[in-house]
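Using the sequences plus the hints, can you model the full thing?
Residues per chain are reported as follows:
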Amino acid sequence: MLLYWLPNFIPQQHYAELSPENTESQKKRDKPLTYEMANPPHYIAHRKTWNSWNTSNLKDGIRRSETALEDEFIRRFMNGTWHGLVCSEIIIKRQFNHIRVAAIIRRAVSPTKMYFLLGYSEELMANWLQCPVTLELQTVDSFKDVVFKYI
Amino acid sequence: MYSTIPIQRQWARLAHVCRALSSLEGHKLPVGGKSIDGISPPLRISRSPTDILQALAATVGVDPTAPHYKYHDDPFLIPQSNYRKRAYALSAEAGRKAATWIRDEQAHLFTTREWDPPMKMKTPYFNADPHIDAFTPRPIYNDESKVTEEDLLYTINNALIEDAIKVYQLLGASEGVNDELKMSLLQLLCFYNEKEPIGAEWLEERWFAAATRERQAATWKLGGLADKIFASMDPKTPEAYCTLIQGMAKYYQAERAHAFAQEAIEKGVPLSTGVYNSLLSCVGFLKEGTALRIDALKGLLAEMNEQGISPNADTLTACLRSISAWGGGQILQTFALQVLAEFKALNIQPSLSAYYYILCLFCKERGQRIDILTSILTDLENRECLEPSDAMDTHFFITAIGVCSDHLQDINLAERVHALLMKGDNYKLVGDAYKESIYYRHLVTVTCRHAPFETTAQLLDMLIPNIYVPEPSVMEEIIKTLEVAGAGDRLAEVWSQLVVFGLAKRIKIVEQLLNALCQCYSYQEDEIKEKIRNAAADMLKFGQLIQEQNENRRTPTQQLSATALANIIDLCADVNDKDDPSWEVVGEALGRLRSEQAVGVPDKPEILASVAKKAANIGKPGIAATALTYLAECGFEEATKACVETLGVMLNRPVEEVQTLLQEPRSALEASLHPSALVIAEAFHLAKTGGPMDSSSSESDSDSSDSD
Amino acid sequence: MSLFIKHYRPGSIFKKQILWRLNSSVAENHESEEEFRVLDILKKRDKQQKRVARRIDVPADRAEKMSTDQNWGNVWPGPRSFHPSTVPLPIRQGYVPKGQVPPGKKANAELMKIPNFLHLTPPVVKTQCEAIKKFCTEWPKLLNSDEAIEKHYPVEVITSDYCHASPTIRNPLARVVTLRVKLSTLNLDKHAKDKFLRLVGDHYDEKTDLITLTADRCPMRRQNLDYVNYLLTATYHEAWTVEDWEKEKMEADMEYYDWNNNQSKKNLVNWYHHCSNKDKALSEDEYKSFDISVIDHGEEYKLAVSSLFNDGESEKTINNYDTAVRKLLGLPERKAIE
Numbered sequence: 188m189l190l191y192w193l194p195n196f197i198p199q200q201h202y203a204e205l206s207p208e209n210t211e212s213q214k215k216r217d218k219p220l221t222y223e224m225a226n227p228p229h230y231i232a233h234r235k236t237w238n239s240w241n242t243s244n245l246k247d248g249i250r251r252s253e254t255a256l257e258d259e260f261i262r263r264f265m266n267g268t269w270h271g272l273v274c275s276e277i278i279i280k281r282q283f284n285h286i287r288v289a290a291i292i293r294r295a296v297s298p299t300k301m302y303f304l305l306g307y308s309e310e311l312m313a314n315w316l317q318c319p320v321t322l323e324l325q326t327v328d329s330f331k332d333v334v335f336k337y338i
Numbered sequence: 017m018y019s020t021i022p023i024q025r026q027w028a029r030l031a032h033v034c035r036a037l038s039s040l041e042g043h044k045l046p047v048g049g050k051s052i053d054g055i056s057p058p059l060r061i062s063r064s065p066t067d068i069l070q071a072l073a074a075t076v077g078v079d080p081t082a083p084h085y086k087y088h089d090d091p092f093l094i095p096q097s098n099y100r101k102r103a104y105a106l107s108a109e110a111g112r113k114a115a116t117w118i119r120d121e122q123a124h125l126f127t128t129r130e131w132d133p134p135m136k137m138k139t140p141y142f143n144a145d146p147h148i149d150a151f152t153p154r155p156i157y158n159d160e161s162k163v164t165e166e167d168l169l170y171t172i173n174n175a176l177i178e179d180a181i182k183v184y185q186l187l188g189a190s191e192g193v194n195d196e197l198k199m200s201l202l203q204l205l206c207f208y209n210e211k212e213p214i215g216a217e218w219l220e221e222r223w224f225a226a227a228t229r230e231r232q233a234a235t236w237k238l239g240g241l242a243d244k245i246f247a248s249m250d251p252k253t254p255e256a257y258c259t260l261i262q263g264m265a266k267y268y269q270a271e272r273a274h275a276f277a278q279e280a281i282e283k284g285v286p287l288s289t290g291v292y293n294s295l296l297s298c299v300g301f302l303k304e305g306t307a308l309r310i311d312a313l314k315g316l317l318a319e320m321n322e323q324g325i326s327p328n329a330d331t332l333t334a335c336l337r338s339i340s341a342w343g344g345g346q347i348l349q350t351f352a353l354q355v356l357a358e359f360k361a362l363n364i365q366p367s368l369s370a371y372y373y374i375l376c377l378f379c380k381e382r383g384q385r386i387d388i389l390t391s392i393l394t395d396l397e398n399r400e401c402l403e404p405s406d407a408m409d410t411h412f413f414i415t416a417i418g419v420c421s422d423h424l425q426d427i428n429l430a431e432r433v434h435a436l437l438m439k440g441d442n443y444k445l446v447g448d449a450y451k452e453s454i455y456y457r458h459l460v461t462v463t464c465r466h467a468p469f470e471t472t473a474q475l476l477d478m479l480i481p482n483i484y485v486p487e488p489s490v491m492e493e494i495i496k497t498l499e500v501a502g503a504g505d506r507l508a509e510v511w512s513q514l515v516v517f518g519l520a521k522r523i524k525i526v527e528q529l530l531n532a533l534c535q536c537y538s539y540q541e542d543e544i545k546e547k548i549r550n551a552a553a554d555m556l557k558f559g560q561l562i563q564e565q566n567e568n569r570r571t572p573t574q575q576l577s578a579t580a581l582a583n584i585i586d587l588c589a590d591v592n593d594k595d596d597p598s599w600e601v602v603g604e605a606l607g608r609l610r611s612e613q614a615v616g617v618p619d620k621p622e623i624l625a626s627v628a629k630k631a632a633n634i635g636k637p638g639i640a641a642t643a644l645t646y647l648a649e650c651g652f653e654e655a656t657k658a659c660v661e662t663l664g665v666m667l668n669r670p671v672e673e674v675q676t677l678l679q680e681p682r683s684a685l686e687a688s689l690h691p692s693a694l695v696i697a698e699a700f701h702l703a704k705t706g707g708p709m710d711s712s713s714s715e716s717d718s719d720s721s722d723s724d
Numbered sequence: 050m051s052l053f054i055k056h057y058r059p060g061s062i063f064k065k066q067i068l069w070r071l072n073s074s075v076a077e078n079h080e081s082e083e084e085f086r087v088l089d090i091l092k093k094r095d096k097q098q099k100r101v102a103r104r105i106d107v108p109a110d111r112a113e114k115m116s117t118d119q120n121w122g123n124v125w126p127g128p129r130s131f132h133p134s135t136v137p138l139p140i141r142q143g144y145v146p147k148g149q150v151p152p153g154k155k156a157n158a159e160l161m162k163i164p165n166f167l168h169l170t171p172p173v174v175k176t177q178c179e180a181i182k183k184f185c186t187e188w189p190k191l192l193n194s195d196e197a198i199e200k201h202y203p204v205e206v207i208t209s210d211y212c213h214a215s216p217t218i219r220n221p222l223a224r225v226v227t228l229r230v231k232l233s234t235l236n237l238d239k240h241a242k243d244k245f246l247r248l249v250g251d252h253y254d255e256k257t258d259l260i261t262l263t264a265d266r267c268p269m270r271r272q273n274l275d276y277v278n279y280l281l282t283a284t285y286h287e288a289w290t291v292e293d294w295e296k297e298k299m300e301a302d303m304e305y306y307d308w309n310n311n312q313s314k315k316n317l318v319n320w321y322h323h324c325s326n327k328d329k330a331l332s333e334d335e336y337k338s339f340d341i342s343v344i345d346h347g348e349e350y351k352l353a354v355s356s357l358f359n360d361g362e363s364e365k366t367i368n369n370y371d372t373a374v375r376k377l378l379g380l381p382e383r384k385a386i387e
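So the sequence lines, in the order shown, correspond to chains A, B and C.
Heads up: take any position in the first sequence, counting from 1, add 187, and you land on my numbering.
Heads up: take any position in the second sequence, counting from 1, add 16, and you land on my numbering.
Heads up: take any position in the third sequence, counting from 1, add 49, and you land on my numbering.
Please note: incorrect hints may appear among the correct ones.
Unchecked claim - Below are the DSSO-like pairs computed for lysine-lysine, each with C-alpha atoms no more than 27 Å apart in a straight line:
#1 A:Lys215 <-> C:Lys147
#2 B:Lys547 <-> C:Lys114
#3 B:Lys113 <-> A:Lys300
#4 B:Lys50 <-> C:Lys183
#5 B:Lys444 <-> C:Lys256
#6 C:Lys154 <-> A:Lys336
#7 B:Lys439 <-> C:Lys183
#8 B:Lys521 <-> C:Lys114
#9 C:Lys147 <-> A:Lys218
#10 A:Lys300 <-> B:Lys521
#11 C:Lys155 <-> A:Lys300
#12 A:Lys218 <-> C:Lys155
#13 B:Lys86 <-> A:Lys300
#14 C:Lys147 <-> B:Lys86
#15 C:Lys183 <-> B:Lys496
If you're looking for bench data, these hints aren't it; they were derived computationally from the structure.
In structure tokens form, the structure reads like this:
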């Protein structure tokens, strides 16, 4: 038992045996990653861009904390309302008092239901945030369409 | 982010630096686009807050590939049929309604913000600054609500009838409300007849509201709250009289309205033009017979004159409304023209609804053709803009285009009507979804019938499917036009459109389309021919698919007729390659013909005969045999000749030899002939004698030979 | 841990019971078939039967139907996130190792993130400018250069409007008002100018000759604007008033070195008289009004001394003084030190 916690004392080949899941998963390559997941945060502005676009994040921007909190609310609201349908990150763009929420949605429910959700989310978020909210969705067939690579 | 704009260089002169600066705001500037002395700034061109936005919006034209902006621009979410358009728009609105319901029910969450930890602090939730009223929860009134007169005022101003009645009762009915509020409530009740209207924010619901033609029957609520409020008012003001009479007249309680009016006149209460307008519009309910009615109308107008009340545009509309409701005929038409001339003399312009009634009066379905529309259009085209003033104004354009299409059958007039509708902001006069669809139905029909093909094609490309999805009758019209023009590629596309629009189950259209395809198939280019063949093959497959689905539902399905199947066979057989998949379709269709899954018999059997020959020629004896057997079974005369010819092709011998061959007994043929040829020989005998081949049990199945 | 168990045990038992009941009912249905009943604990079969994938026909992208001569402004009239089915361009975006192809436009969240300018193509900008031209007025003809503007509109008021993404249109920084005016454009005499400069203090920039007044003390822009206007008015009029005590201004109070009033002039005059052997006692005023031009190089000396005091000691002013003194005294010019 002690040996598990002291990897330095174990010869290299044994160490590999002791952590079988690690190596195996690397071999299998069955964990799908989206482009966003494939690029860690330090690549923001190099390989990928921000998920929130607003002026509060700039120098001397006003309403910093409120905006951050509202964005989190929007993300949770979207993921909960469009449950199991959202395939990408929720992208929030703010211009003046207009909030545009973009996402990639799976075509798992009928268009009629999607329209209901669209109307519902836009109206409820608009009332909650007191800004006009527009949803800009793109639909895809399945989660597989957004997979960038497997690890 | 921050645009630092040096706002303005102040226009203060050196000598009065300070004084000029302090009086800047009150500075009144002269009007004009140019500076007077070349130094002082020119006058501001006055504009409303939305003028710039409207100017920018005017630069955006129509994109025929895009759906209406209320739909989401994603291939999965773009509606393609009338049913879906309606369903999607109303679903979105249902979602919005659900959200507002939550907002109103949980109003406390939307008006106060609770800070962490809970219970510690509550602040008003004012996110937006300046405050936006549309995002604040609406109050809900029930029996426990504590209400004030302000609530009543709020409900009245927002036309919330049920809430207003509730608040009114909570306030203690007639005792607890002051006269001014009572008056406003009476006006509200009379206007809507105590029925809650669809809220102004539910655009889609209003747009798709069932197009029920308003019944011309007395729907006024007798002894309702409006009557009670009126009774409780003391003294009864002229305003109250006017309101009540107008309400009654609006909802066709004609006799009481007139009685009240009489009472008011006797009491010396002054009545307004609006009252007379409403009385005029229901004057026909008092009398029977055209002459009496005309007299009554004239009498009312004379009474107006006596009272010293001047008429307006609505008076004209009301008169014409009454006249058009009394039927047609020479007398009424002349009278209407007299009224029109009279008002023109008074310099009163007829509104769109007045013209609508004129059109109703003059352009009856089975009446004489009267071209009154041309002069109406000339008048309307000369106006700067068409301002809606009456709910019936929205009926003008569909009636006008209907007159163009059915009554006058004049494409030039139709184009003028359409141009007028598209001019400026006039499209809002199209009414609702139902009226829009009727409008385009007439427009497309008249264009298909009377316009040159290029114009029609352009119009169809523009409208379909995003603005308008054709109904079955219009689709037939379109197919007819395309057939006449010989536009094979467009016809081939029509099939996929039928599927998308949900019309593919309508056998009549499909058959018509097939017929049209056959008619113009021969002179198409090879590429288009292939498209047509594919479409035909797809039709057959679609029919089967529908049938399979319906087997579970046990509803009767319409089936393609034998003629239609023969058409499919004709189209698909036009390939010279033995291995082309089209032959499978041909075989399939033949199979369906033989197994009697089709209605009737083909009206052009020679098609099948020629297909049989071709099949034999190309090396598909099975298909040839099936076709000929079917012909023989149906008892077509062509069968015998076709059998001989096909056999001749198959065996590569002249006709005479084949005929002698066919005289031989079955047993001899069985040995010498290919099974398919044998089947054809049998078909020959069947056709000739009406019975099977002699000395044979005719066991051989044509289907089994298909595999060869 | 014990708490956890307490809460969760009953639930799990309950679940099992339901499962059993469901299964038994399923089994009953199959009794007619002559087979042994199978206890389908996980209900795998039912689940598989339920999932019938409904194939949904998605129409083709509308970009494919677009004609090549369409007006793009009609297709993309306003700001909007990228959508692949509407943009008929073969776009790709994403970082990939060398040799691989970047992800295409479909289902590409990166493309949706970037704010695009598809609604502001040059032709659209042109038409929009044309459309709003009717609201613009002509620029005054005589104001054709910066000098002309400065001449006719000497006072400049600078405020900032802020566009930011938030539900409120207020920004506290918008209240700040700056007023700028050139000192030379103000109508001031020598005394007033001196007083004015003393009043404005470091609001005056000598290099640009600008007086800059900034106000942010009031919550509203209008109030601040009123305030800077008041400041300018008040200082201007105050500069023109002459108070009694201003007469008590001593040489030490002077804001600059006036050579005429100082000992240096007296010394020079005395020296001049002495040289020309005309020693005489002069009054204070006579000293002041003495015309210096009679003395050779006197003018130069005056300037050199004034600049030495007013501009401060520097190599240039000292050298200047040196030359002036040498000339005045008739000394030979200084030789440059090797």
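* Taking only the CA atoms, is the gap from B:Lys521 to C:Lys114 under or equal to 27 Å? -> 26 Å, holds
* Taking only the CA atoms, is the gap from C:Lys155 to A:Lys300 under or equal to 27 Å? -> 23 Å, holds
* To do: Decide if the proposed pair is consistent with the structure: C:Lys147 and A:Lys218, CA atoms, cutoff 27 Å inclusive.
  => 23 Å, holds
* When you check the alpha-carbon spacing of A:Lys300 and B:Lys521, does it fall within 27 Å? -> Holds: A:Lys300 and B:Lys521 sit about 25 Å apart, inside 27 Å.
* **Straight-line alpha-carbon gap B:Lys444 to C:Lys256, limit 27 Å** => Not OK: B:Lys444 and C:Lys256 at ~63 Å, beyond 27 Å, violated.
* Asked: Within 27 Å, alpha carbon to alpha carbon, are B:Lys86 and A:Lys300?
  -> 16 Å, holds
* **27 Å Cα cutoff - pair B:Lys547, C:Lys114** => Within the cut-off at roughly 18 Å; holds.
* Given the hint that C:Lys183 pairs with B:Lys496, does the C-alpha gap stay at or below 27 Å? -> Measuring from Cα to Cα gives roughly 49 Å; hence the hint is violated.
* For the pair we were handed, B:Lys439 and C:Lys183, check the Cα-Cα distance against 27 Å. => Holds. B:Lys439 to C:Lys183 sits at ~20 Å (cutoff 27 Å).
* Satisfaction of hint between C:Lys155 and A:Lys218, Cα-Cα up to 27 Å -> Roughly 21 Å separates the two Cα atoms, so the pair holds.
* To do: Take the C-alpha atoms of C:Lys147 and B:Lys86, compute the straight-line distance between them, and say whether it is at most 27 Å.
  => Judged against 27 Å, a Cα distance of about 43 Å means the pair is violated.
* To do: For the pair we were handed, A:Lys215 and C:Lys147, check the Cα-Cα distance against 27 Å.
  => 23 Å, holds
When each numbered hint is compared with the structure, violations occur for hints 5, 14, 15.
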